[in-house]
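Chain residues, written in single-letter form:
There are 2 protein chains.
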Amino acid sequence: MQRRKSRKIKAGRLEIGDGSPISIESMTSSDTKNIEATIDQVRELRQAGCDIVRIAIYDEECIETIEALKRSTDIPLVADIHFDHRLAIASIEKGIDMVRINPGNIGKTEGVKRLVAAAKEREIPIRIGVNSGSISSEIIKLYGNTAKAMVESALGHIAILEDAGYNNILLSLKSSNVIKTVEACREISDLIEYPLHLGVTEAGTMLSGSVKSSVGIGALLLDGIGDTLRVSLTAPPVEEVKVGLEILRCLGLRKDNVEIISCPTCGRCRIDIIYITNVLKERFKDIKYPIKIAVMGCAVNGPGEAKEADLGIAGGQGKAVLFRRGQIVGTLPYDDIIDTLTAEVRRMAADGSGNNNTGIQ
Amino acid sequence: MQRRKSRKIKAGRLEIGDGSPISIESMTSSDTKNIEATIDQVRELRQAGCDIVRIAIYDEECIETIEALKRSTDIPLVADIHFDHRLAIASIEKGIDMVRINPGNIGKTEGVKRLVAAAKEREIPIRIGVNSGSISSEIIKLYGNTAKAMVESALGHIAILEDAGYNNILLSLKSSNVIKTVEACREISDLIEYPLHLGVTEAGTMLSGSVKSSVGIGALLLDGIGDTLRVSLTAPPVEEVKVGLEILRCLGLRKDNVEIISCPTCGRCRIDIIYITNVLKERFKDIKYPIKIAVMGCAVNGPGEAKEADLGIAGGQGKAVLFRRGQIVGTLPYDDIIDTLTAEVRRMAADGSGNNNTGIQ
Chain A
1 MQRRKSRKIK AGRLEIGDGS PISIESMTSS DTKNIEATID QVRELRQAGC
51 DIVRIAIYDE ECIETIEALK RSTDIPLVAD IHFDHRLAIA SIEKGIDMVR
101 INPGNIGKTE GVKRLVAAAK EREIPIRIGV NSGSISSEII KLYGNTAKAM
151 VESALGHIAI LEDAGYNNIL LSLKSSNVIK TVEACREISD LIEYPLHLGV
201 TEAGTMLSGS VKSSVGIGAL LLDGIGDTLR VSLTAPPVEE VKVGLEILRC
251 LGLRKDNVEI ISCPTCGRCR IDIIYITNVL KERFKDIKYP IKIAVMGCAV
301 NGPGEAKEAD LGIAGGQGKA VLFRRGQIVG TLPYDDIIDT LTAEVRRMAA
351 DGSGNNNTGI Q
Chain B
1 MQRRKSRKIK AGRLEIGDGS PISIESMTSS DTKNIEATID QVRELRQAGC
51 DIVRIAIYDE ECIETIEALK RSTDIPLVAD IHFDHRLAIA SIEKGIDMVR
101 INPGNIGKTE GVKRLVAAAK EREIPIRIGV NSGSISSEII KLYGNTAKAM
151 VESALGHIAI LEDAGYNNIL LSLKSSNVIK TVEACREISD LIEYPLHLGV
201 TEAGTMLSGS VKSSVGIGAL LLDGIGDTLR VSLTAPPVEE VKVGLEILRC
251 LGLRKDNVEI ISCPTCGRCR IDIIYITNVL KERFKDIKYP IKIAVMGCAV
301 NGPGEAKEAD LGIAGGQGKA VLFRRGQIVG TLPYDDIIDT LTAEVRRMAA
351 DGSGNNNTGI Q
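Chains as they are written, first to last, in the numbering used here: chain A, 1 to 361; chain B, 1 to 361.
There's no promise every hint is true.
Restricting the straight-line Cα-Cα distance to at most 30 Å, the calculated cross-link-like pairs of lysine-lysine (DSS-like) are [claimed, not checked]:
{"no.": "1", "chain 1": "B", "residue 1": "Lys281", "chain 2": "A", "residue 2": "Lys281"}
{"no.": "2", "chain 1": "A", "residue 1": "Lys5", "chain 2": "B", "residue 2": "Lys148"}
{"no.": "3", "chain 1": "B", "residue 1": "Lys307", "chain 2": "A", "residue 2": "Lys148"}
{"no.": "4", "chain 1": "B", "residue 1": "Lys70", "chain 2": "B", "residue 2": "Lys94"}
{"no.": "5", "chain 1": "B", "residue 1": "Lys148", "chain 2": "A", "residue 2": "Lys307"}
{"no.": "6", "chain 1": "A", "residue 1": "Lys94", "chain 2": "A", "residue 2": "Lys113"}
{"no.": "7", "chain 1": "A", "residue 1": "Lys10", "chain 2": "A", "residue 2": "Lys108"}
{"no.": "8", "chain 1": "A", "residue 1": "Lys255", "chain 2": "B", "residue 2": "Lys319"}
{"no.": "9", "chain 1": "A", "residue 1": "Lys141", "chain 2": "B", "residue 2": "Lys255"}
{"no.": "10", "chain 1": "B", "residue 1": "Lys5", "chain 2": "B", "residue 2": "Lys148"}
{"no.": "11", "chain 1": "B", "residue 1": "Lys5", "chain 2": "B", "residue 2": "Lys288"}
{"no.": "12", "chain 1": "B", "residue 1": "Lys141", "chain 2": "A", "residue 2": "Lys307"}
{"no.": "13", "chain 1": "B", "residue 1": "Lys8", "chain 2": "B", "residue 2": "Lys113"}
{"no.": "14", "chain 1": "B", "residue 1": "Lys148", "chain 2": "A", "residue 2": "Lys255"}
{"no.": "15", "chain 1": "B", "residue 1": "Lys10", "chain 2": "B", "residue 2": "Lys288"}
{"no.": "16", "chain 1": "B", "residue 1": "Lys255", "chain 2": "A", "residue 2": "Lys148"}
{"no.": "17", "chain 1": "B", "residue 1": "Lys5", "chain 2": "A", "residue 2": "Lys148"}
{"no.": "18", "chain 1": "B", "residue 1": "Lys120", "chain 2": "B", "residue 2": "Lys70"}
{"no.": "19", "chain 1": "A", "residue 1": "Lys319", "chain 2": "B", "residue 2": "Lys33"}
{"no.": "20", "chain 1": "A", "residue 1": "Lys33", "chain 2": "B", "residue 2": "Lys319"}
{"no.": "21", "chain 1": "A", "residue 1": "Lys108", "chain 2": "B", "residue 2": "Lys307"}
{"no.": "22", "chain 1": "B", "residue 1": "Lys108", "chain 2": "A", "residue 2": "Lys307"}
{"no.": "23", "chain 1": "B", "residue 1": "Lys255", "chain 2": "B", "residue 2": "Lys281"}
{"no.": "24", "chain 1": "B", "residue 1": "Lys307", "chain 2": "A", "residue 2": "Lys141"}
Honestly, the hints are just simulated from the structure, not real lab data.
Working from the sequences, and respecting the hints, build out all of it.
Right under this line is the structure:
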């Protein structure tokens, strides 16, 4: 997968763009003024594998939370600000690592100039966040409610920053409509070199939001487009990180876990694949080493179908065959399946003998 | 979204290809010989919105289940068969609506000829199901373990059927690797006109399997590729149908439900969006009419961001504004939000005044 060429920006210690690992953003849902709750949520997100956390800064009191967070965590922080350039400047002064605004609605030219001066001084990137729902009526009049309108809106916001002498920019174009999101990002990706933050906005609840985000973000990543992403879910923010990680892993863009290939079970299956897989998933969740294991229902097709796995089992009546890279190497009684696989995987993780090859060869 | 031109085939009453609605397949996981359990599972799948159900036919006793199913349900049925062309012929004789085989491993030329004769007589389509794990060693030697090998394998199997004078064919190319699946389907879609069944095989447990399937199947559907699909999950089969429906809906390929656009909540939010959204989702699950509603956390951005919704609310402190297509039309006390939205949506569904426009304009 050839990745789109983009500029590199830096948010605190996190590099975004120009081939950097694709990072995952989430956003706190606690009231920003509740400092303790927000610190807890940021800690939880960081632990789940989040790379950068966004916080809504909606009035001056929220600025105190930025100070408290900067004292308590090293994860890069983004201030999400609407309408008021003074909040953006105050956030930068208190050490925020990025601001997300729309230059077209953050204040008059003078305000943008002041914001740019503050951002320049501390080398703080600005994310221009275009949402299809908040495009100016002038642009909608010209282009309708289309992907093209999102692109034109983005180009307009970029021009404001560039005219003010700034190009430390991250860009996002989001719609709650998956097709529009994909079209807008594909189109803009050929027109500019700024790194892109991907997401489908207001995607919905756990299941439909995960599907929408996976389809939209996944299609763009498959094109090589995208430098950082946020899965938007009406669910606890930590779930957004889990889905984001799965998207990156399934495209070989993050190789930091035990991947379990498991058959969907069918009328041939003689062992409880669902149970075994879920137990193994839980047991392996803290192993950060890339190993691919297979849990297959039948011995006839299992080992062949799961040839790419480092290790696997294929069920039979009351037992399973153990295989490595498609070759059967032994037979296990049913009750030993989980423990044997656990021991083998831990050994591989310890001695580095796994060789997960997610991604096309 | 321009759909790829494909031939039309028919499995029972279900049309696949040539612009037919994209159908959803799942597969029973009960032992096929357990007739009662299998009938129950097929009924459950049908109720969840499944269009066609596959059953593993692994020996002669399984054929009895086909007879029992044909007496109990009108949903089209596919027999999944490996190695033994006689089982395929027996399935066809007992009224199966499609068979899924690989002509290269279903028996010698004579067997394939007999199978084709039986399929021809009853106009039963044959799905050639190529899985990256079961490609012949000759092809792997030539092309490696690649998407190209999957394409060559598919072309080989097609040639066997065409040589036997048959072209009532559905085709699938699946890998547990998302990129390989997408590449193989993109490549073959330009080479043949047979309809394509999409899926990522052995995708894994609920979360990772849903993400993998959404990314792979979604990217292809966005290209206009695909005529029917199966989400493969190591989970109860009915979950596969739910994920499949969400994939189709988020691309505007199925418009049969209340779509809820809901913001992910953030530090600005003053109402319990997660709770409200989940209650509404449950209440609306049986409404088959396309309506788009929005549940947004803040009144400043909510109505604008959710302009495309037929109806929505945007939360404030202890209350919410009600809006239609981005225009605020009233204010609701917090405790009335759920019931008012429910009543409005039911009214719209009853009088046909919703106007969901998923999909690009």
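message: Tell me the hint numbers this structure goes against, listed in increasing order.
response: Those not satisfied come down to hint 8.
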